[in-house]
Amino acid sequence: MTGIAKRFGSVLVLDGVDLEVFTGEVHVLAGENGAGKSTLVKILAGVHTDFEGTLEIDGRPVRPDSPLAANALGVAMIYQELSLVPSMRVADNIFLGRSPTSRAGLIDDRAQRAEARRLLEPLGIEVDVDRLVEQLPIGTRQLIEIAKALSYRAKVIVMDEPTSALSAPEVERLFGLIARLKAQGRGIVYITHRMEEIDAIADRITVLRDGRFVGSAPAAELPTPRLVEWMVGREVAQQFPRHEARPGAERLRVEEFVVTGGARSARPLVDRVGFSVRAGEILGIGGLQGSGASAMLMGLAGAYGDRARGRVWLDGRPVCIRRPRDAIDRGMAMLTNDRKATGLVLSMSVVANATLADLRRLAPGGWRRPRREREATSRLSEALHLRAASLEMEVGELSGGNQQKVALAKWLQTDPRILLLDEPTRGVDVGAKREIYQLMNEWTLRGIAIILITSEMPELLAMSDRILVLHRGRAIAELSRGQATAQRVLEAAMGKQVVV
Amino acid sequence: MNRSGLFVGLVTMVVGFTLAVVSRFGGVPVLLLDAVAWLAGFAGLAHDRASAYPYVLLAWYVATVVGVFIVLRACQNLDARRNRGVRLLAHPASRALIALLLVLLLGVLFDADGAFYKVQTHRDGLRQASVFGILACGMTLVIITGGIDLAVGSVLALAAVAFARMSIHWSWSPWLAVPLCLALGAACGGVSGTLAARFKVQPFIATLAMMVFARGLAKTVSGGMKVSTAVQNADGTYRYVEVPDVFRAIDSRLLADNVSMVTVVFLVCAALSWIALARHRWGRELYAIGGNEEAARLSGVLVDRAKVLAYAAAGLLAAVAGICQAAQEQQGDPEAGGGYELSAIAIVVIGGTNLMGGRGGIGLTLIGTLTIGYLEKILSINAVPESRRLMLTGIIIVAAVLTQRRSRT
Numbered sequence: 001m002t003g004i005a006k007r008f009g010s011v012l013v014l015d016g017v018d019l020e021v022f023t024g025e026v027h028v029l030a031g032e033n034g035a036g037k038s039t040l041v042k043i044l045a046g047v048h049t050d051f052e053g054t055l056e057i058d059g060r061p062v063r064p065d066s067p068l069a070a071n072a073l074g075v076a077m078i079y080q081e082l083s084l085v086p087s088m089r090v091a092d093n094i095f096l097g098r099s100p101t102s103r104a105g106l107i108d109d110r111a112q113r114a115e116a117r118r119l120l121e122p123l124g125i126e127v128d129v130d131r132l133v134e135q136l137p138i139g140t141r142q143l144i145e146i147a148k149a150l151s152y153r154a155k156v157i158v159m160d161e162p163t164s165a166l167s168a169p170e171v172e173r174l175f176g177l178i179a180r181l182k183a184q185g186r187g188i189v190y191i192t193h194r195m196e197e198i199d200a201i202a203d204r205i206t207v208l209r210d211g212r213f214v215g216s217a218p219a220a221e222l223p224t225p226r227l228v229e230w231m232v233g234r235e236v237a238q239q240f241p242r243h244e245a246r247p248g249a250e251r252l253r254v255e256e257f258v259v260t261g262g263a264r265s266a267r268p269l270v271d272r273v274g275f276s277v278r279a280g281e282i283l284g285i286g287g288l289q290g291s292g293a294s295a296m297l298m299g300l301a302g303a304y305g306d307r308a309r310g311r312v313w314l315d316g317r318p319v320c321i322r323r324p325r326d327a328i329d330r331g332m333a334m335l336t337n338d339r340k341a342t343g344l345v346l347s348m349s350v351v352a353n354a355t356l357a358d359l360r361r362l363a364p365g366g367w368r369r370p371r372r373e374r375e376a377t378s379r380l381s382e383a384l385h386l387r388a389a390s391l392e393m394e395v396g397e398l399s400g401g402n403q404q405k406v407a408l409a410k411w412l413q414t415d416p417r418i419l420l421l422d423e424p425t426r427g428v429d430v431g432a433k434r435e436i437y438q439l440m441n442e443w444t445l446r447g448i449a450i451i452l453i454t455s456e457m458p459e460l461l462a463m464s465d466r467i468l469v470l471h472r473g474r475a476i477a478e479l480s481r482g483q484a485t486a487q488r489v490l491e492a493a494m495g496k497q498v499v500v
Numbered sequence: 001m002n003r004s005g006l007f008v009g010l011v012t013m014v015v016g017f018t019l020a021v022v023s024r025f026g027g028v029p030v031l032l033l034d035a036v037a038w039l040a041g042f043a044g045l046a047h048d049r050a051s052a053y054p055y056v057l058l059a060w061y062v063a064t065v066v067g068v069f070i071v072l073r074a075c076q077n078l079d080a081r082r083n084r085g086v087r088l089l090a091h092p093a094s095r096a097l098i099a100l101l102l103v104l105l106l107g108v109l110f111d112a113d114g115a116f117y118k119v120q121t122h123r124d125g126l127r128q129a130s131v132f133g134i135l136a137c138g139m140t141l142v143i144i145t146g147g148i149d150l151a152v153g154s155v156l157a158l159a160a161v162a163f164a165r166m167s168i169h170w171s172w173s174p175w176l177a178v179p180l181c182l183a184l185g186a187a188c189g190g191v192s193g194t195l196a197a198r199f200k201v202q203p204f205i206a207t208l209a210m211m212v213f214a215r216g217l218a219k220t221v222s223g224g225m226k227v228s229t230a231v232q233n234a235d236g237t238y239r240y241v242e243v244p245d246v247f248r249a250i251d252s253r254l255l256a257d258n259v260s261m262v263t264v265v266f267l268v269c270a271a272l273s274w275i276a277l278a279r280h281r282w283g284r285e286l287y288a289i290g291g292n293e294e295a296a297r298l299s300g301v302l303v304d305r306a307k308v309l310a311y312a313a314a315g316l317l318a319a320v321a322g323i324c325q326a327a328q329e330q331q332g333d334p335e336a337g338g339g340y341e342l343s344a345i346a347i348v349v350i351g352g353t354n355l356m357g358g359r360g361g362i363g364l365t366l367i368g369t370l371t372i373g374y375l376e377k378i379l380s381i382n383a384v385p386e387s388r389r390l391m392l393t394g395i396i397i398v399a400a401v402l403t404q405r406r407s408r409t
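Protein chains in written order, with the numbering used here: chain A, 1 to 500; chain B, 1 to 409.
Hint data in this document are derived by calculation from the structure and do not stem from the laboratory.
C-beta: ideal position from N, C-alpha, C; glycine also.
Honestly, I wouldn't trust all of these hints.
Said to hold, decoys possible - Using 25 Å as the maximum straight-line C-alpha spacing, the simulated SDA-like pairs for lysine to any residue come out as follows: (1) B:K200 to A:S164; (2) A:K340 to B:K200; (3) A:K340 to B:V119; (4) A:K42 to A:R131.
To be verified - Part of the chain B face toward chain A, derived, beta carbon under 10 Å: (5) Q128; (6) R253; (7) A256; (8) R279; (9) R284; (10) Y287; (11) G290; (12) A296; (13) Q330; (14) L355; (15) R388; (16) R389.
Please model the complete structure; the sequences and the hints are all you need to start from.
In structure tokens, the structure reads:
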């Protein structure tokens, strides 16, 4: 792949990126969240078809216009979200849509099962092809996904963070399989956020940053500090207006906090994490995908019910939060990281959204007072510089930045003592971002404690008074404002013990 | 494309409407009547001018309706933010009103020798629609949460049978019988609501189960027969008892015989539902659940409780409808209300409440009740057989939904 560029709307997400994969090598694609890794491999896999640049396979220029066409060209992609049908058998899944058929047009089940076994056996995957996929642990499903990719006779296999849901033994099995694939002369593109995986399997590494090609080198010539330096870049723009913090008394204390995964997940999402935040302080949480940071905040806010356990003190008093209502009643507010899916009710008006979490106080005895709601909302919209033609318009019609402000307004209306902000500036334009930073300063001056998750490193470094770094659900480092550098945070986030 | 569609629709609508009104009140050219009679003769439908006349009128009416339909469809794709007229048309209430007006126009064109202009036609039409309207109010609450309640027809029968038993056979005071029947209905709704909300059974399945169960319970309570004023003695003979006063009271008329009591009950139910939806926290919670259940939960809405209450309210209103039905028929029929749940859903949908949840309201359902009620009445005063009425209702549901669907999500 040479000179690849890709736009989403007016945003250039990839700019002149090169990627070269040889047979029999594991090529790691590294970079921070949002560096463009996933977009790049999606172009390779035929998901994004409108891009600039050229794509060659075995020296021949190609341009896959669909995932199916990419498969035919020998490119197979293993997605983060698995693409198996849980309610179907293993064999059916492998040959979904192209099952061998008998002359009458019916599926030749015996041939299909034999073929499936022939595929799985050399990979060392011991699984009954008649089992339903939903009965299998997630690690095995991943291996079946790979077997499915191989059934397309793939020359290049792309794996986008395949280990994010796997336990340590499952990761071992996957690496064994990768070694076998290498030996068969297939090329593997591997995206990961974990340093130990890069150390374990990378032959060559290509680094992207902000959609640009930074460099490509054999793994042996790229020691960890250099790699991280490539990923972070040197300049961190100082465009963040964080004032000096004046922390007050301890607001929130968390010990031994655990969030167990779903029924089929092998490991807990959050594993015995402890920390504390003081009034007027911003605690930043660093971590790459799969670090469990979002799960931790959601768990604290009661979103997971009994799946989240641990000891929590609020203003020195132990609290027990079983559901979001409990958290809100105790002055805890959680801005989720996906305003469309979990933050807002897009079909309701600005007023209805802004007052939703605080209706108990705004509607005494249950009887709503529309005027009071309107007044409260217009106060908030002034404070947040919300730009909406009318407070009665549906939130779905607002721009992303203004939607985010409505979501923030909803939580400010509850007079929180502690704000949990998960990606408060995601999908927000630069002007609105600055406004949100200013607001965070104002809130801390008013004594609100803030826990901030952000995938943008400069934002994390500039806005946080302290940074807690999570790696695979565990707290791996805690850095003060003076200690925190992009290098240290990223190294910790990738699983290296940080020595300060 | 949209502009030209709008133009074609407007022309069709205006021409169709004008011709329809002129034909109705001015008369149709004899030549055209002859031609239509001649053409219709081949189909065995009409043979003379008099029987050709309704077909001509109907053709103009259909042209009007098709024109309106094309205009509404064309407006969907225009940018609603730019044009006030379009924005007004895009509002669900105006669409529901347009549908109602079209139905009333049908009544004006086919007034069955002036029957359409008589007060008692409207009174009876509204009375017949009222039971469906009461069910539709409860259905609206449930549909706004993104659910559905298939059990209301059976709960209606259960309440009707129970009410008849208590009032006729056991001579209980209405002050005892009415609250008990309402509680029974609310309990049925509460159970299916609990299944749907707490145990995550799909609302369709949960209420389907309740629909079958409540029907069985109704048959058990009634002993499989209609509970009427003919009471069986111990020796197998029948004696006839007085119709209880409460039955007569519910079946009475008010305002110099111009309004049925049942219609008043419906309007009270609609008002209460409106207050709950528009002025109470619970209503806001129902909209939030229907719009985005996860966001509502994370905003501290007690989702399960709000949902259970919605189904319980639907059950309670079904019991109200059942009591009204029993009073009107002067008996409790365990087979009553079969298919009523589908009529109630049709009313809600024609009104413009979104089946996906999150959007809609009681005002729309009120208009939908009038639309369906008047359509039924107008067709019946014109002696249109039930077979045709059903087919027409099907077509109207599709047309209503097609004009309501938003191109923007």
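Of the numbered hints stated earlier in the document, which are not met by this structure?
1, 3, 4, 5, 6, 7, 13, 14, 15, 16
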